[in-house]
Amino acid sequence: GAVVSQHPSWVICKSGTSVKIECRSLDFQATTMFWYRQFPKQSLMLMATSNEGSKATYEQGVEKDKFLINHASLTLSTLTVTSAHPEDSSFYICSARGGEGYGYTFGSGTRLTVV
Amino acid sequence: GNSVTQMEGPVTLSEEAFLTINCTYTATGYPSLFWYVQYPGEGLQLLLKATKADDKGSNKGFEATYRKETTSFHLEKGSVQVSDSAVYFCALRPSNQAGTALIFGKGTTLSVSS
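Residue numbers (this note's numbering), protein chains in the order written: chain P, 1 to 115; chain G, 1 to 114.
If we strip away everything but chain P, and leave its shape as in the complex, we get (with noise of 0.2 Å):
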């Protein structure tokens, strides 16, 4: 079946630095790929939609500046958190769709820390 695989699983950074976080369709071509995030004991919010080749399309409350995304390829998008603050720390996940007909795979998650 369809695999998405998200890395890293969990990382520690230091309050300033920026952090990437990749996810890679195995399997298949992620024409759409979806980033949430998700806070303790609560539901995924959406944070933005992308589509290969294509700048991201962020939620209401975003800061597109903070959380730059990439999907420069078929089966690579990339979130990275810049100049990460406490705040930040959560529980990011990425979704990727192949297109029609195609259902919605899940990464595994990236825990993110910033101390």
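Hints are computed from structural coordinates only; laboratory data are not their basis. Mixed in with the good hints, there may be bad ones.
The list that follows gives simulated cross-link-like pairs (lysine-lysine, DSS-like), each with its CA atoms no further than 30 Å apart [claimed, not checked]:
| no. | chain 1 | residue 1 | chain 2 | residue 2 |
| --- | --- | --- | --- | --- |
| 1 | P | K66 | G | K106 |
| 2 | G | K106 | G | K60 |
| 3 | P | K14 | P | K41 |
| 4 | P | K64 | G | K106 |
| 5 | P | K41 | G | K49 |
| 6 | P | K41 | G | K106 |
| 7 | G | K52 | G | K106 |
| 8 | P | K55 | G | K106 |
| 9 | G | K68 | P | K41 |
| 10 | P | K64 | G | K60 |
| 11 | G | K77 | P | K20 |
Now the stretches of chain P that chain G is said to cover, found in silico as 3 or more residues with beta-carbon under 8 Å [said to hold, decoys possible]:
| no. | region |
| --- | --- |
| 12 | 38 to 51 |
| 13 | 92 to 98 |
| 14 | 105 to 115 |
Backbone N, C-alpha and C fix where the C-beta goes; we use that ideal spot for every residue, glycine too.
Fit chain G to the known structure of chain P by using the hints.
Then chain G, alone, in the frame of chain P:
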């Protein structure tokens, strides 16, 4: 707008008990409905889905029926196991937006003890 409402947890059950997790939705038209499961420290896995009214999705002993009249998609299992302990999310995809993101409920934590 579109939204999903799930019963609040946590739900605590003994092994072999009957499980129901309520889910209702608000959406225009006929959205597709999903249940996802998230085990500790992991991402989401599709548990089951239904794409039209009266469809029943089933998997691993779990079932949910798409009820248009009550805008519900309740998750049920006749006999839970300790291994079913996880967070369960109900989600929808708007009916006329095939490429859009899923909209999730807040999730319900299930804890099953032996």
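Consistency of the hints with the structure:
no.: 1; hint: P:K66 to G:K106; in the structure: holds (25 Å)
no.: 2; hint: G:K106 to G:K60; in the structure: holds (22 Å)
no.: 3; hint: P:K14 to P:K41; in the structure: holds (25 Å)
no.: 4; hint: P:K64 to G:K106; in the structure: holds (24 Å)
no.: 5; hint: P:K41 to G:K49; in the structure: holds (23 Å)
no.: 6; hint: P:K41 to G:K106; in the structure: holds (8 Å)
no.: 7; hint: G:K52 to G:K106; in the structure: holds (23 Å)
no.: 8; hint: P:K55 to G:K106; in the structure: holds (29 Å)
no.: 9; hint: G:K68 to P:K41; in the structure: holds (29 Å)
no.: 10; hint: P:K64 to G:K60; in the structure: violated (40 Å)
no.: 11; hint: G:K77 to P:K20; in the structure: violated (40 Å)
no.: 12; hint: 38 to 51; in the structure: holds (count 6)
no.: 13; hint: 92 to 98; in the structure: holds (count 3)
no.: 14; hint: 105 to 115; in the structure: holds (count 5)
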